[in-house]
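A.B. asks: The primary structure of each chain is shown beneath.
2 protein chains.
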Amino acid sequence: MDVITVDRRTYQRSASGITVLAHLLGLTALVLMLIWLLHYREGLDLDSENPIRVFNVHPFLMYFGFIFFAAEAMMAYKTVAATHKVQKFVHMFFNLVSLVLGIVGIHAAFKYHDKLNLEDMTSLHSWIGMAALCLFILQWLFGFSLFLFPQASTAYTRAQALPWHINGGRALLYMAICAAETGLMQKSTFLQLKDGRESHLVNILAVVILLFGITVDISVALARYV
Amino acid sequence: MDVITVDRRTYQRSASGITVLAHLLGLTALVLMLIWLLHYREGLDLDSENPIRVFNVHPFLMYFGFIFFAAEAMMAYKTVAATHKVQKFVHMFFNLVSLVLGIVGIHAAFKYHDKLNLEDMTSLHSWIGMAALCLFILQWLFGFSLFLFPQASTAYTRAQALPWHINGGRALLYMAICAAETGLMQKSTFLQLKDGRESHLVNILAVVILLFGITVDISVALARYV
Chain A
1 MDVITVDRRT YQRSASGITV LAHLLGLTAL VLMLIWLLHY REGLDLDSEN
51 PIRVFNVHPF LMYFGFIFFA AEAMMAYKTV AATHKVQKFV HMFFNLVSLV
101 LGIVGIHAAF KYHDKLNLED MTSLHSWIGM AALCLFILQW LFGFSLFLFP
151 QASTAYTRAQ ALPWHINGGR ALLYMAICAA ETGLMQKSTF LQLKDGRESH
201 LVNILAVVIL LFGITVDISV ALARYV
Chain B
1 MDVITVDRRT YQRSASGITV LAHLLGLTAL VLMLIWLLHY REGLDLDSEN
51 PIRVFNVHPF LMYFGFIFFA AEAMMAYKTV AATHKVQKFV HMFFNLVSLV
101 LGIVGIHAAF KYHDKLNLED MTSLHSWIGM AALCLFILQW LFGFSLFLFP
151 QASTAYTRAQ ALPWHINGGR ALLYMAICAA ETGLMQKSTF LQLKDGRESH
201 LVNILAVVIL LFGITVDISV ALARYV
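Protein sequence lines, in the order shown, are assigned to chains A and B.
Quick note: the first sequence, position 145, residue 145 per full-length UniProt numbering, numbers continuous.
Quick note: the second sequence, position 132, residue 132 per full-length UniProt numbering, numbers continuous.
Simulated from the structure, these hints should not be mistaken for laboratory data.
You may find that some hints are simply not true.
In this list, chains with the same sequence are indistinguishable; a pair is considered to hold if it fits within one copy or across any two.
[What the hints assert, rightly or not] As a list, the in silico DSS-like pairs of lysine-lysine whose alpha-carbon atoms are at most 30 Å apart:
id: 1; residue 1: Lys88; residue 2: Lys78
id: 2; residue 1: Lys194; residue 2: Lys111
id: 3; residue 1: Lys187; residue 2: Lys111
id: 4; residue 1: Lys187; residue 2: Lys115
id: 5; residue 1: Lys115; residue 2: Lys194
Excised from the complex, chain A in its bound form (with noise of 0.2 Å):
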């Protein structure tokens, strides 16, 4: 079999026209955040009295801090116009902002489940959401202890775990999409919306959440294609 190399501008000028589809979808799942909580679920604050106002910071900062930072962070490498130790930088710092705000986020499902009397962690979306964070902050520690201090580590055993570090970040990512789906899906179910607006508004959120992990995906995969 002969070996056909393609020009690998070719996927870098499809890969930048992805990233710019990307960023547009993970602003249009804030919107629809945002008019789905303040609209038509009593807004959020994550000290009210309402139950509600505080349960609904979970979903906002799980999608605007945990998701769409990390994969902001996964993106960093393409638009940050910067050396790259100013890149791995801001990658490093958006994954923590992305940690920090993930935390704040579950907090609040826990502190609106002790008002209502609720039981932690016994949904599948529980499940996975934990299981992600927890993974994450592992796979950021491994990484800030591995890229962030050179002189600690050999080059080899830097470029040894580098695919891991990549396909880990992905993996972690699609569990973070996968944890945000059932999320949606657990409240639209239990809230049972059938098919009104607010039943379709948040498909709608869920959909593009969804096409916002494929698209910053495909966009970090086609870049580095060889």
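We have chain A already, so just place chain B on it with the hints.
C.D. replies: Quick look at chain B alone, frame taken from chain A:
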């Protein structure tokens, strides 16, 4: 920055281990699915008078038909010890089996809805699942015409299309996994399983399906890593 190359065989060995793990997780999910449907849910039969037995064909075929065979098709280039031509044929054929069983599986859901006079295509699960199946059919037709009839296109066209085929396939795998997760989440919330044995079984089944998807993805990605 120095470029350090790691021996490709390092990843191929790891990828082989992960492939074995993927097969095991895939079969574990099949066993858990059968325990759930046969022990807790009255069994499965597409021609039954009992709507529950008709419905149960749906989760069974969407997992063991659609997801399992498509995932095995993705790994065929690693697991089938034969020439590239035979591997390619197995890849195409397993995807065809996946496609046909996926259509029968969706038919089971519509038949169940008809029996109970329920509306179709209102839930997030149905939207994601239907989109995954339709895009999968397009991807199959695209792959079939391009890669099974090499004389009809130039080698350059195929080389250019290959990354899209691979990335599209991975995106479809995760879409199908999202459909499975939202489906099991919906069923679990709808049945109000709460914190019982059946609820745990369904959650574990869903987690195993998610891990199956992730290991299939990483197994294929690591083996290709350059």
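A.B. asks: At 30 Å max between alpha carbons, let me know whether Lys187 reaches Lys111 within a copy, between copies, both or neither.
C.D. replies: both (17 Å within a copy, 26 Å between copies)
A.B. asks: Since the copies are identical, ignore which copy is meant and state whether Lys194 and Lys111 lie within 30 Å (CA to CA) inside a copy, between copies, both or neither.
C.D. replies: For Lys194 and Lys111, the Cα distance is within 30 Å both inside one copy (28 Å) and across copies (19 Å).
A.B. asks: Can you tell me if Lys115 and Lys194 fall within 30 Å by alpha carbon in one copy, between copies, both or neither?
C.D. replies: both (27 Å within a copy, 18 Å between copies)
A.B. asks: Between copies, within a copy, both or neither: which fits Lys88 and Lys78 at Cα up to 30 Å?
C.D. replies: The answer is within: 11 Å in one copy meets 30 Å, while 34 Å across copies does not.
A.B. asks: Which holds for Lys187 with Lys115 at a C-alpha limit of 30 Å: within a copy, between copies, both or neither?
C.D. replies: both (18 Å within a copy, 26 Å between copies)
Violated hints for the displayed structure: none, as all numbered hints are satisfied.
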